[in-house]
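**Q** Sequence:
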Amino acid sequence: MLRRLATNTRGVALVEFAICLPVLLLLYLGGCCLSDMLACNRKVTTATRTLVDLVARTMSPTIVYNDPQSANAKSYLSASAVVLSPYKLDAATEQVSLLRVCDATHAYVVWTQAQTQNVDGSVVRATTPDQTAGTLPANQAQAANTVIPILTNMVISTMVPTSPDGSNVCKNLAPGTATKTQVGTAGGWLYMGKISYSFTPSVSYLALGPVTLKHTIYMIPRLY
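Here the sequence shown stands for residues 0 to 223, where the numbers follow numbering that gives the first Met the number 0.
Calculated directly from the structure, the hints in this document are not laboratory data. No residue lacks a Cβ here, since even glycine has one placed at the ideal position from N, Cα and C. Warning: the hint list may mix true and false statements.
[What the hints assert, rightly or not] Here are the in silico distance ranges between beta carbons for each label pair:
#1 LEU150 to ASP66: 23 to 33 Å
#2 MET153 to THR178: 23 to 33 Å
#3 THR199 to ARG2: 52 to 62 Å
#4 LEU28 to ARG56: 40 to 50 Å
#5 LEU28 to LEU150: 35 to 45 Å
#6 LEU150 to GLN68: 21 to 31 Å
Given only the sequences and the hints, what does the whole structure look like? Please build it.
**A** Quick look at the structure:
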């Protein structure tokens with residue numbers, strides 16, 4: 000009987016399948032979560048482009064600069080959030096900023112606005128941007144944190160302002176004089192759109208926590 004038991008191969012395939020099943024399930028569910036995250040990341044990219052494209056086409060940078068307190072991009076921020084559907088909109092934060100180039104790798108934040116919303120986008124909530132806007136055109140010194148880095152080699156030479164004394168405009172925070180150009184008072188314009196999304200895998204028992212998907216796009220204004 001022991002000899003027959005040792006040579007009996009019935010049920011081998013079932014045992015092998017039982018051993019492989021957890022690995023196959025893990026690969027399948029992991030692949031589904033990864034493809035879902037990639038699709039969501041693409042949505043974030045598309046929504047960011049939608050946001051900055053809408054603003055660059057319709058909001059004049061000179062008007063925003065002269066009266067930043069009155070500038071409002073709520074409708075454009077909300078429109079970009081809708082692009083994220085069918086993903087839950089309450090996991091997204093949209094932000095748009097108007098920048099003025101002060102050297103080849105930095106820009107002054109003229110104005111910025113950010114918002115989030117509930118799950119279906121029907122209720123919008125303003126949120127604190129991760130950038131600090133300056134107070135120009137008020138005739139006062141500007142804070143150093145109103146100058147932020149931008150991508151290297153993103154601007155052309157004609158967008159970079161020059162100061163009469165040759166100093167770096169980004170560092171001229173005090174009101175301008177005859178020899179210095181104050182930061183934010185000269186230079187090319189850029190709109191920056193940024194969206195971040197906290198993606199949570201649909202299969203929660205996998206060892207994948209929330210992943211923050213971010214995308215930032217810069218565009219030159221079409222309207223002046």
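**Q** That 40 to 50 Å hint for LEU28 and ARG56 (C-beta), does it hold up?
**A** For ARG56 against LEU28, whose Cβ atoms are near 42 Å apart, the range 40 to 50 Å holds.
**Q** Holds or violated: 21 to 31 Å for the Cβ distance of LEU150 and GLN68?
**A** 29 Å Cβ-Cβ, so the 21 to 31 Å window holds.
**Q** With respect to the beta-carbon atoms only, verify the hint that MET153 and THR178 lie 23 to 33 Å apart.
**A** 28 Å, holds
**Q** Indicate whether the distance between the beta carbons of LEU150 and ASP66 respects the range 23 to 33 Å.
**A** 28 Å, holds
**Q** Within 35 to 45 Å: is that where the Cβ-Cβ distance between LEU28 and LEU150 falls?
**A** Holds, since LEU28 and LEU150 (Cβ atoms, about 37 Å apart) stay within the stated range.
**Q** Lying within 52 to 62 Å: is that true of the beta-carbon distance THR199 to ARG2?
**A** About 56 Å separates the Cβ atoms of THR199 and ARG2, which means 52 to 62 Å holds.
Checked against the numbered hints above, the structure violates none of them.
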